[in-house]
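Q: Quick one: dock chain against chain with the hints and give me the complex.
What follows is the residue order along each chain.
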Amino acid sequence: MISIRNLSKNYEEVQALKNISLEVKPKEIFGLIGPDGAGKTTLMRILTSLLLFDEGEVQVMGKSPISDYQFIRNHIGYMPGKFSLYEDLTVEENLSFFANIFGTTIEKSYDLIKDIYQQIEPFKKRKAGALSGGMKQKLALCAALIHYPKILFLDEPTTGVDPVSRKEFWHIIQQLHHHDITIFVSTPYMDEANLCDRIALIDKGEILNVDLPENISKAFDKTLYAIQCHEGNYQLIKKLREYTHFDSVFPFGEEVHYTDARATDIESDIKLYLEESGLTSIQIRKTASTIEDVFISLMNKN
Amino acid sequence: MDRLKGIIKKEFYHIFRDKRTLLILFGIPIVQIVLFGFAISTEIKEVKVALLNQSKEVSSHQLVNKILSTSYFKVDEILENEEAINTSFKKGRIKAAIVIPPHFEEDILKNKEAKVQIICDASDPNTGTQIGAFLEGQIQSFLYENAQKTFGSSPPIQINTEIQMRYNPELKSAYTFVPGLITIILMLICTMMTSIAITREIETGTMEVLLASPMHPSIIILGKVIPYLALSFSIAVFILFLGKFVFGVPILAHFGLITFEILLYCLVVLALGIFISTVAKTQQLALMISLFALFLPTMLLSGFIFPIHNMPLPLQMVTKVIPATYFNIIIKALMLKGATISEILKETLVLAGMFVVLVGVSIKRFNIRLG
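Protein chains in written order, with this note's numbering: chain E, -15 to 286; chain V, 418 to 788.
If we strip away everything but chain V, and leave its shape as in the complex, we get (with noise of 0.2 Å):
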């Protein structure tokens, strides 16, 4: 026990003593936090639209009214032709334009059919496409308050739909990052600074004397890993911190059942950098696996960032193996759903199992003798 004790008080000084580990330990969460809390948006807000109004009669003001009554929208430019449009779009200020034709209050009232263009950037498709169905909500809306104030009723036939957004009524983006970064940080601290942190023994040659000592291999492994454990659980703690009272994420399961995911998940990444250092012999080829083979697909691939079911099937097999694809699926479930271990118990055993397989793979390559 006064062993480990002693490897690990060791491991901290390593950690403690060298900026590039402190760096990466806390430079890349707050950084990747500050990166997605508020620079990378996906959300629609206070959208910036230009407003070409040719008939400026009541009705038009009254939809234009209607558009702007919430904070998705601003009206940014006036203007007053077609050739405008174009201008504007171009100099890259409005991401939708809305050309309210003449006659449209006449075409209200006669013909009961009045046309309204919306014109979106479609440049960033997604952004594009929800500007637009949100426009055309809102005038829906107004077509239907319009209605029942002109003639007293609704229009003769209607099928309300009711969309709810459960788990993230107000579409945040939070909602997925932030149970995201978990899953991606934890992957990179765990598996990059393990594999590194016992290659570099091995490249030192401290290891030579270690294994010379009467110290049993896994006490070494354990000394390293055990910090690390700890670490990757602070910081875990802190960004689910961060998450609930700065972006308002919700975390509805029970803390024990979250405390034992987080842990379970952290032991298979964990196992994952042991199993890298038996495979890479340097420092440099650790890190190169663990970001090139690990870090990038792990991040495209584990639904952080693309829907896995979007996929073609030979990348859907290869989330598969990915642990964060059953992490995400699990931390997502457990904050945003509320969800108790039934719910994931499929996604826990697979993790249960990677983490048994990874452990005997490393137990069997791990050297107690050099070379």
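Just chain E, same shape as in the assembly (with noise of 0.2 Å):
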């Protein structure tokens, strides 16, 4: 569907993308995991024909944003990561808007966006401008399946949307497969990939890693331990970093992830290394590795 090979873009004197290769299945959902500043949104732009690129090869469904610019823009939905709707029309009259310029009705498209739109629909005489965060995005989301498209980008939908919402939308996200609708989706919490068919995870530019989400959790290569102290986790993480063997850690919740330089086990080294150095009811485990650990150690490696 996508096919990205060695594509690079630069911005006056900051390399946005430094030589990506890529490519999306038909129909799966499609994850590109990073930080903010990752390039992910000038990534995004460039599928969907809105920026060009100096170097590399981008085809989408089989065409070249940059010569077919056209036939794209008329088969692919786009969701900005910036609400881009009109907050001083009504949730009817933005989405009639837009109806309206990709040809269609609301009406005709009223099967593929019933289940979102059914959900703001009591608030269809309200300003886009007065709804919640969650309901703008419902409502852009309409906006952007009300032509059928056939690949649809979001960019970062669930940044700055309460935990509910963000489930509600990914529920969403997930039935629009039954539909026949590629999905390529851009975010800045791990834990939402998990929710994704197959994930990139991109930093500074780079592509760190492609893979299904679960083989990226097990990619991870050495032990991890989550501890946690009495004292809190930014005297356990001084602590750590000052230990002769310390090889990365960072926090993860109420706890921290931390992983040895050695590879034996060392459960009990740490726990005698920490009680000498003053910190008080230390608990230690092995845990599993998550995205967000292989990512942080992608991201320290690169």
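Because the hints were derived from the structure by calculation, they are not lab data.
There's no promise every hint is true.
Okay, derived cross-link-like pairs now, DSS-like style, lysine-lysine, Cα gap no bigger than 25 Å in a straight line [stated by the list, open to error]: (1) K108(E) with K422(V); (2) K698(V) with K66(E); (3) K566(V) with K529(V); (4) K491(V) with K589(V); (5) K108(E) with K436(V); (6) K223(E) with K206(E); (7) K426(V) with K109(E).
The structure presented is a predicted model; accordingly, all values stated were derived computationally and were not measured.
A: This is the structure we're talking about:
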């Protein structure tokens, strides 16, 4: 559906994308996971024909976004990271407008959008600017789907949305599968990676890894320890960094995730060291790696 | 076509839902008309004068009556001595003082020469000169009539000058400001509003969605321009209507020709607005450019307020690139002189040329992509 080979894009002094290669298969949910400034939006805009690029080869539905941009624009749905509907128009007026510019009507597309639209329909006379964050995203999604696109591009659709709405939103995205739509979604949230069929990890304009989410989380090649102590994560991380066999450490929820330079079982060694450093109520256990662990270790290598 | 209709409808929603837009669209024309029509008056009308009549003879009273026989002057104060003149001026109540010396009648009859002093307040030089000239004219005609009455004949040698104030016999200021206002207001609305409307879409990010749609960018722009064209045209008609029926300014040229010229000018300034939006990336910058780089120079240099031929050469060159300069000539010629197309052909062609250049440059600069 999408094929990218050796793509590079430079802004005046910054290299936003460095020699990227990707393949997106038809009907999959492809997640582009990475922190702010990694190059997610730039890649998204190149694929939607909104930006030109410097080197490489890009094909969307077999067409070039440079020469065949009209074809691509006819067959994609795009939801930018920033809410981009008209805040002074009502929900209904916004949808009618977007239906109109794609040469269709709300009625014709009702089948595809009804599950989402029914949730915002009670507010259809309300101005879009007065909607909550979650509602705005649903409206924007409806607008992006109004013409039955073949590929749906979602740029950070859940950024700034509350946890409940985020969950609902991902549920909707997964439902869209039944309509033969390929979905290309970017997010800075690692926990959303598991909801995609395949993911690419991106940082500083480089793709670090592309695989199934479960394969990526398994790809962690070291023993991972989850450690907690009474004095809190800040003190704990500080002490661990001073440890002779330190390899990596970062906060993970209420615990910190730590890897050691030695391959042997060193649980009791670490505990002893931390107690000598003056920390109390230390809890330490081995834990399974997540995508976030993999991502951070890849970022550090990078 | 349906897409165009949709985007026009959407634009009208924006216009009618935004109080600031409405204020600019309808507030500015109304305020300008009221200001120029009623507050800023350069006409001589019921000017207050003070009178120091030291003669108190029949002739002097006849002279005073002659001066007051028109509606231009009104005696505000009868003064008793020369010192009072100063006080009167300082109080700011009067614009001119007339001093008739003693023995005025005797001087006329015996010496065939009399003196009358006119003192004008020249802190506003234009009005001062105008009042002086008016008063002098009144006194001359008194002299002429008086000579005929007393001696039964005209003075020995005389050149009768007859000044005809063509196209504006009563020297009404409405004759300049109504055409001038159409020029200024159309410029303001078309240029400022379109450039802001387009940059707003870029700023709020909606342009990104519009560009990612199959709609051609020219449709997007056309859809933005048409509502403002319609609004500006109706505002122009409204001002013409007010000019004719409230201020009595004639509209002599053919209606079709006036419509054509107004639309042409609207197109030029709309294209200018589109051009600004391709240069400015934010609404604020677009507003600044429209106001300071266009509105003020247009107001001051288009010949609306100050005559162009009195300006220094560099400024005259600037006036040559301002569309309003040409339209101001056109609309005045049409309304006041009833000109036909052949008489304003040069200006019309210049405007048409400006339109072509601006549209060409804008198309070249307008991006089908972001950034």
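Q: None of the hints should be skipped; say for each whether it holds.
A: Here's how the hints hold up against the structure:
1. The suggested pairing of K108(E) with K422(V) holds, with an alpha-carbon distance near 22 Å, which does not exceed 25 Å.
2. Under the criterion of a C-alpha separation no larger than 25 Å, the hint pairing K698(V) with K66(E) is consistent with the structure, at around 17 Å.
3. Between K566(V) and K529(V) the CA atoms are separated by roughly 14 Å; this keeps the pair inside 25 Å, and the hint holds.
4. Of the pairs offered as hints, the one joining K491(V) and K589(V) holds, with about 19 Å between alpha carbons and a cut-off of 25 Å not exceeded.
5. A threshold of 25 Å between alpha carbons decides the hint, and for K108(E) with K436(V) the separation of about 23 Å falls inside it, so the pair holds.
6. A hinted pair counts as satisfied when its Cα atoms are at most 25 Å apart, and K223(E) with K206(E) qualifies at roughly 20 Å.
7. A distance of roughly 17 Å separates the Cα atoms of K426(V) and K109(E); the hinted pair therefore holds under the 25 Å criterion.
Hint compliance for this structure: every hint is met.
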